[in-house]
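Novice: Read off the chains here:
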Amino acid sequence: MQQYKKTQYKLILVLVGLPARGKTHISYKLNRYLNWIGYKSEIFSIKGAQQKDAQLDQNIDYELEIDPTNQQFIEVRQQLSFQAAQQLVTFLQNEGDIALYNGLTSTKSDRQKLKSLFKEKLNLEFQVFWIESICDDPQVILNNINESKLSRFKEKTIDQFTNQIKVLAQDYQTLENTENISYIKLINIGKQVKVHMLEGYLCSKIVSFLLNLHANNRQIYLVRSCESEYHLLDKIGGDPELSAMGKQHSQQIGNYFIEELKGNKNITFFTSQMKRGIQTAEIVGDKLGIKALKTKNLDEIDYGICDGLTLKEIAAKYPKQIKERKANPLEFKYPRGESFLDVIHRVEPIIYEIERSRDPVLVVAHVAVLKCLYAYYHCNQISEIPNIDIPINCVIKLVPIPYHCLESRVIIK
Amino acid sequence: MQGCNRSQKIAICTVGLPARGKTYISRKLNRYFNWLGYKSRVFINGNYRREICGTECKSQFFDPHNEEAQKARNDCAKMALQDLIQFLQNGGDVGILDGTNITKERRHQIENDLKSQFNGIQTLWIESICNDSKVIQNNIRLTKINNPDYCNMNPEQATIDFLNRIKMYEQAYETITDDENLSYIKTMNVGADIIVHQVYGFLLSKIVSFIMNLHTYPRPIYLSRHGESQYNVDDRVGGDSDLSALGEMYAEKLADFFYSEFPTKEIKNEIIFFTSTMRRAVHTSDVVAQKLEIQPLQLKTLDEINVGICDGMTYSEIAQKFPNDFQERKINKLGYRYPRGESYLDLISRIEPVIFEIERSRQPVMIIAHQAILRCLYAYFHQNEIPEVPTLDIPLHCVIKLTPAAYFCFEKRVLINPQTGEIQQKEEFVEEFLRSKSKQKSFIDL
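Protein sequences, first through last, are from chains A and B. Position 396, counted from 1, in the first sequence is what UniProt numbering calls 396; the numbers after and before it change by one each time, with no gaps. Position 181, counted from 1, in the second sequence is what UniProt numbering calls 181; the numbers after and before it change by one each time, with no gaps.
Hint data in this document are derived by calculation from the structure and do not stem from the laboratory. Since we're looking at a predicted model, the values are computed, not measured. Some hints here could point you the wrong way.
When the alpha-carbon atoms are kept at most 27 Å apart in a straight line, the in silico DSS-like pairs for lysine-lysine are as follows [unchecked claim]:
id: 1; chain 1: B; residue 1: 333; chain 2: B; residue 2: 39
id: 2; chain 1: A; residue 1: 333; chain 2: B; residue 2: 333
id: 3; chain 1: A; residue 1: 235; chain 2: B; residue 2: 426
Reference excerpt, derived from the structure (chain B facing chain A, CB under 8 Å, subset only) [said to hold, decoys possible]:
id: 4; residue: 193
id: 5; residue: 195
id: 6; residue: 360
id: 7; residue: 383
So these bits of chain A aren't anywhere near chain B, every CB distance computed over 10 Å [stated by the list, open to error]:
id: 8; residue: 93
id: 9; residue: 135
id: 10; residue: 327
From the three backbone atoms N, C-alpha and C, an ideal C-beta is built for every residue, glycine too.
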């Protein structure tokens with residue numbers, strides 16, 4: 001993919017922090033983002049290594065067995081941590097671009113060993129960037145445990161877990177400049193951030209991304225612009241206005257949101273600069289008493305020479321393009337137009353805005369653009385994008401929670 | 001402008017000893033904001049002090065124990081803040097207070113004044129810390145010696161006096177601490193370490209990213225249009241035509257020029273080379289890429305302005321078929337959007353990520369693109385005002401080399417004759433700088 005800077009070197013992102021500091025959450029978010037913008041990225045953790053190790057008892061969750069007095073578990077965890085690092089190396093030696101490591105990194109000597117392993121085993125140029133999550137707010141830690149760990153505790157109690165963390169904290173060594181590493185420290189979920197020796201295009205992007213993360217589980221609503229004149233004629237592209245039916249549906253969607261948002265006016269509301277987007281957003285916005293921000297980034301995919309034609313006309317005039325598109329729908333670029341990859345690139349700033357927002361988000365846009373936005377939250381591979389279903393007159397509600405994303409769809413009659 | 005909440009005012013205040021790059025950061029931020037479409041202005045404490053107390057202030061003036069001088073300096077600082085507040089009240093979006101602000105008391109006072117005047121103002125404090133004496137000496141040499149305070153001294157005397165002035169400030173310096181409850185960014189040793197504290201909000205987040213990538217490396221930026229295209233010959237707009245015979249010749253000569261500009265392999269490998277995805281630019285870039293043995297990155301972001309329904313027409317055809325649009329564009333070339341196409345303002349918005357990339361780079365940058373796009377890029381680095389963008393002169397077969405320095409931008413134009421390869425160079429820097437200094441307004445610095 002030429003538009004994304006294929007760096008000449010591989011990148012390793014290492015997570016550091018006591019348990020229940022959000023490391024796994026951060027790694028999932030980052031991994032999702034990096035894959036979405038086109039890099040081949042994967043996470044290597046104790047959990048992952050355990051799943052790949054057939055000899056281990058899979059009923060024990062070794063990632064959570066942090067009891068510092070249990071020597072057997074300590075050894076298994078060290079072994080798994082080491083295996084994860086080796087799997088990481090293999091991944092980067094082959095097709096991987098970026099690897100995230102979530103293993104044992106709490107002491108300087110752990111980190112030194114890790115650095116040596118990478119240096120020894122990786123036969124290509126690589127850069128390591130360290131991401132430390134620090135938290136001293138007991139409420140935040142408790143929330144974290146409740147949301148992401150509690151369901152996995154078999155006989156453990158929250159108190160036992162927090163006490164075990166306290167013991168681990170005594171040996172924990174925070175990242176220091178003397179270790180000669182480039183890092184970012186996220187303190188209390190973005191209240192304070194420290195960056196040291198930031199270098200390179202990709203790390204810079206990653207830091208910008210991390211600055212926007214927070215732990216609010218707010219809703220994201222994706223809505224297509226309603227029926228337009230082109231719909232009735234079966235044409236694609238263009239900049240048509242809403243049909244009479246389209247205006248009606250917009251009203252109904254507005255009514256749905258009145259119920260759904262319960263008078264909350266603090267909504268991050270975006271739409272495109274296309275007539276049907278603006279009109280839908282205006283009608284919905286009027287009902288809610290809020291105004292949408294219009295951005296060209298949310299305009300529908302540019303159909304180039306196929307703009308304004310019906311599907312039949314395209315099949316007749318450009319059969320070669322239809323074939324190309326079938327073969328590779330993700331990368332296919334309409335001549336003088338865009339591909340899905342171009343749309344992802346275009347829509348990236350909107351993802352930043354959505355991530356940053358701690359209020360509910362409402363996006364009124366168009367099929368191809370919404371496919372890309374949806375994929376960011378829901379898909380593991382961007383190759384799935386062309387097949388995503390974004391029906392008209394349907395509100396898609398996404399609620400990102402730790403490790404995945406809840407989804408519900410409401411068809412508006 | 002898209003994606004911004006215009007209703008909230010923003011005040012940015014710098015903190016730091018002299019020669020720590022505060023004015024540099026203020027100006028860069030100011031440029032960036034104005035570029036994004038916000039009304040932004042810098043208010044320099046030093047300029048107020050110079051206007052009121054004169055420019056003959058020796059280092060003793062800055063002694064914290066010199067009560068009379070302290071009072072005078074406080075009054076000047078108050079005036080600067082007042083003007084900033086007035087600016088925000090009269091339609092300004094972002095006010096930047098460029099001053100040392102090294103005491104907790106001063107910062108507390110400013111923060112209170114701002115918060116009491118505006119409901120919901122966002123304040124951001126940017127502290128620049130530097131302990132590297134080489135960097136400080138360099139800063140002094142580059143920016144202070146030409147400072148009006150020292151126009152009657154020779155450079156050695158000026159440096160000594162300035163270093164004494166810094167010592168005076170050091171006595172009273174209090175770095176920002178968390179208990180002051182301010183939103184701040186601390187940048188240390190030109191970005192080696194950065195601390196961000198309690199910074200929330202769309203614009204403030206953008207500022208953080210921007211500051212993290214600032215540097216003072218004087219790296220050159222080469223801008224060139226593609227060689228003459230078929231559509232250029234026919235005088236048509238838009239399209240995705242290929243190079244004409246003359247255009248292909250230019251590509252060859254351009255490759256030769258760059259080959260001589262970047263003599264060694266190390267330098268060549270470091271070049272950041274961008275082009276668009278349009279045929280005429282890609283073909284020009286390919287010739288250059290082959291000669292230098294490097295690979296360009298094809299960015300759709302650098303594609304020429306989308307002329308919508310006018311694609312493929314000549315200007316006279318447009319005037320005939322769409323006379324209203326033709327007129328409209330003449331009156332407002334900046335904001336006029338081709339139906340189903342883009343306006344210059346859309347372009348400026350579109351290329352923002354590229355500008356960010358270029359700002360970030362510490363290596364030479366080479367961009368082969370198109371007229372409208374290059375007008376926008378050129379304007380940003382050369383510090384032209386946005387209304388000038390649509391009429392800037394970016395001719396075919398010419399390489400523009402920009403070298404942004406601390407407070408100004410060097411420019412060199414290399415006109416290459418595509419047939420003979422003959423080169424004509426035009427430089428513009430010293431005169432420009434002197435001219436801008438002589439018309440520099442005293443209190444505020446646009």
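Novice: Evaluate each hint against the coordinates.
Specialist: Going through the hints against the structure:
Distance check on the hinted pair: residue 333 of chain B and residue 39 of chain B sit about 20 Å apart at the alpha-carbon level, within 27 Å; holds. As the CA atoms of residue 333 of chain A and residue 333 of chain B are separated by approximately 30 Å, the hinted pair breaks the 27 Å bound. As the CA atoms of residue 235 of chain A and residue 426 of chain B are separated by approximately 53 Å, the hinted pair breaks the 27 Å bound. Because the smallest distance between the Cβ of residue 193 of chain B and any Cβ of chain A comes to about 5 Å, under 8 Å, the interface hint for this residue holds.
Given hint, residue 195 of chain B at the interface with chain A, holds; its Cβ is 5 Å from that chain's nearest Cβ, closer than 8 Å. About 6 Å separates the beta-carbon of residue 360 of chain B from the nearest beta-carbon of chain A, less than 8 Å, and the hint is met. Look at residue 383 of chain B: its Cβ only gets to about 24 Å from chain A, farther than 8 Å, so that hint breaks. For residue 93 of chain A, the requirement that its beta carbon stay farther than 10 Å from each beta carbon of chain B is met, with the minimum near 23 Å.
The claim that residue 135 of chain A lies off the interface holds: its Cβ sits roughly 16 Å from the closest Cβ of chain B, which is beyond the 10 Å cut-off. Even its closest Cβ contact with chain B, about 20 Å, leaves residue 327 of chain A beyond 10 Å, as expected for a residue assigned away from the interface.
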